[in-house]
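Asks: Turn these sequences into a full structure, and let the hints steer you where they fit.
Chains as they are written, first to last, in the working numbering: chain Y, 1 to 85; chain U, 1 to 364.
Worth flagging that the hints you see were computed from the coordinates, not collected in a lab. What you are looking at is a predicted structure, and each value in this text was computed from that prediction instead of being measured. C-beta atoms are modelled at their ideal positions from N, C-alpha and C, and glycine is treated no differently. Treat the hints with care, since some could be wrong.
Stated by the list, open to error - Now the stretches of chain Y that chain U is said to cover, found in silico as 3 or more residues with beta-carbon under 8 Å:
| # | segment |
| --- | --- |
| 1 | 1–12 |
| 2 | 47–58 |
Claimed, not checked - Partial chain Y-side listing against chain U, Cβ under 10 Å, derived:
| # | residue |
| --- | --- |
| 3 | G37 |
| 4 | L41 |
| 5 | D42 |
| 6 | V44 |
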Amino acid sequence: MDTKEKLKKILIDDLNLEELTPEDIDDNAPLFGEGLGLDSLDAVELVVIIQKHFGIEIKNMEEGRVAFQSIEALAAYIDTRMESA
Amino acid sequence: MQIAIQGIGVVGGFGTGVTEMRQALLTGTSNRATLDLSNCGTPLNIPAFRANISRLTDYVPLKALRRVDNFSKLALLGAYLALEDAGVLAEGKQERLGVVIASGYGATGITFAFLDSFINDGDICASPTYFANSVHNSAAAYISIMLGATGPSSTVSQFHHSVPSALQTAWLWLAEGRVDRVLFGAVEELSELIGYAWYRQRGTAHKPEMTPLLTGVESAIPGEGAAFLLLTRKEEAQDGYCLLDRVTTGRLLKPGFLSSPQDLLVLGADGRIEKGGDYAQLAEKSTVACFTALYGSMPCGPALDIAIAALMLKEGKTFASPGGGICDFPASVAAGGNILESHRVSCLSLSDEDCFGLVSLAKG
Numbered sequence: 001m002d003t004k005e006k007l008k009k010i011l012i013d014d015l016n017l018e019e020l021t022p023e024d025i026d027d028n029a030p031l032f033g034e035g036l037g038l039d040s041l042d043a044v045e046l047v048v049i050i051q052k053h054f055g056i057e058i059k060n061m062e063e064g065r066v067a068f069q070s071i072e073a074l075a076a077y078i079d080t081r082m083e084s085a
Numbered sequence: 001m002q003i004a005i006q007g008i009g010v011v012g013g014f015g016t017g018v019t020e021m022r023q024a025l026l027t028g029t030s031n032r033a034t035l036d037l038s039n040c041g042t043p044l045n046i047p048a049f050r051a052n053i054s055r056l057t058d059y060v061p062l063k064a065l066r067r068v069d070n071f072s073k074l075a076l077l078g079a080y081l082a083l084e085d086a087g088v089l090a091e092g093k094q095e096r097l098g099v100v101i102a103s104g105y106g107a108t109g110i111t112f113a114f115l116d117s118f119i120n121d122g123d124i125c126a127s128p129t130y131f132a133n134s135v136h137n138s139a140a141a142y143i144s145i146m147l148g149a150t151g152p153s154s155t156v157s158q159f160h161h162s163v164p165s166a167l168q169t170a171w172l173w174l175a176e177g178r179v180d181r182v183l184f185g186a187v188e189e190l191s192e193l194i195g196y197a198w199y200r201q202r203g204t205a206h207k208p209e210m211t212p213l214l215t216g217v218e219s220a221i222p223g224e225g226a227a228f229l230l231l232t233r234k235e236e237a238q239d240g241y242c243l244l245d246r247v248t249t250g251r252l253l254k255p256g257f258l259s260s261p262q263d264l265l266v267l268g269a270d271g272r273i274e275k276g277g278d279y280a281q282l283a284e285k286s287t288v289a290c291f292t293a294l295y296g297s298m299p300c301g302p303a304l305d306i307a308i309a310a311l312m313l314k315e316g317k318t319f320a321s322p323g324g325g326i327c328d329f330p331a332s333v334a335a336g337g338n339i340l341e342s343h344r345v346s347c348l349s350l351s352d353e354d355c356f357g358l359v360s361l362a363k364g
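Replies: Given below as structure tokens:
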């Protein structure tokens, strides 16, 4: 399972997006606002989820802003961080 | 001041809503399930009366429930059912509505999941959603937010005394004129933690049925559920069920103190042998009924007794105690389907600290 697919499954489970399946989530759709419809509390939850499941700590708000654009962006961020670890 | 019960919302092992509860009362049967325990060394399960919350999506979209934990979902379902039963759900925003919730154990599932996340993953990975749900008053807050209730909201946890204590709070709010209505609710959830505590205290052996009027026999089966009552001042009441006549709590209860001998006494005896003798002594020579075998043993069970008593007063008929009402102490067990001759029905609950709660309902 690639990072994008893993991420989608984790988001559905951990954010209780019960009405969605991984296939419903567009790789390039915004995670916040329109798109997946996540909000500010989800942003905090996402930081926890990324650390818990991938061991990656997002300390920098600017990094998070770029990474949390979409599933595509977040997966790329995770892959880059894991390669450089 | 007297208070009127305008609507009832119930969910438990017997089903969901007044209609299903009434059906269970008529048949004397309830759906017993199991609670799985995975943290006892070897996987186990114990018998339990479980509540089904699937009907909550009739009132709240699934998406709006994604951060709501199981305990609060039970509370929300009970709240919506009570408002619907009272015919006020369509009014929309419930201004001047107070919300008071009683729970002996509280939201143990999410609270301990939050604590476990500290232990397993460290404090940096503590979920903010779990934290929000572990806050003591979160279920009452969810109800207030979703209903647009602008009155006070509170949660009372006094173990087996939670129900009468929370009712006294509701009474005060109405008497003070702080609100026009109070949504009183009692909630218990069967989390794995509660199941584990039950297993450690009582093991896995159990009787096939609860026989709470056999007070010398251990027959308790744990239960979960919610019972909500929409309360108003008597002078503002329309139709509804009955009056909440008196809520008394205290110690030093003696036989005969409880209620007039002609009043029907609903016993909160729940098959726990340690309290059985006290119920037997206090209810001696009374006309009694007991319905815990329909919903199980739980600290907030007395709220379900109040709901059943209110239904009896509204219909003017008695319901039979499940299991044939076999009783091992000198009392008269009310038969089902008879005209309710007493003007009042009192619900008695006893705590492990030798305290009592007595909630008396009267025909409106």
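Asks: In ascending order, which of the hints set out earlier in this document are inconsistent with the structure?
Replies: Violated hint: only 1; rest satisfied.
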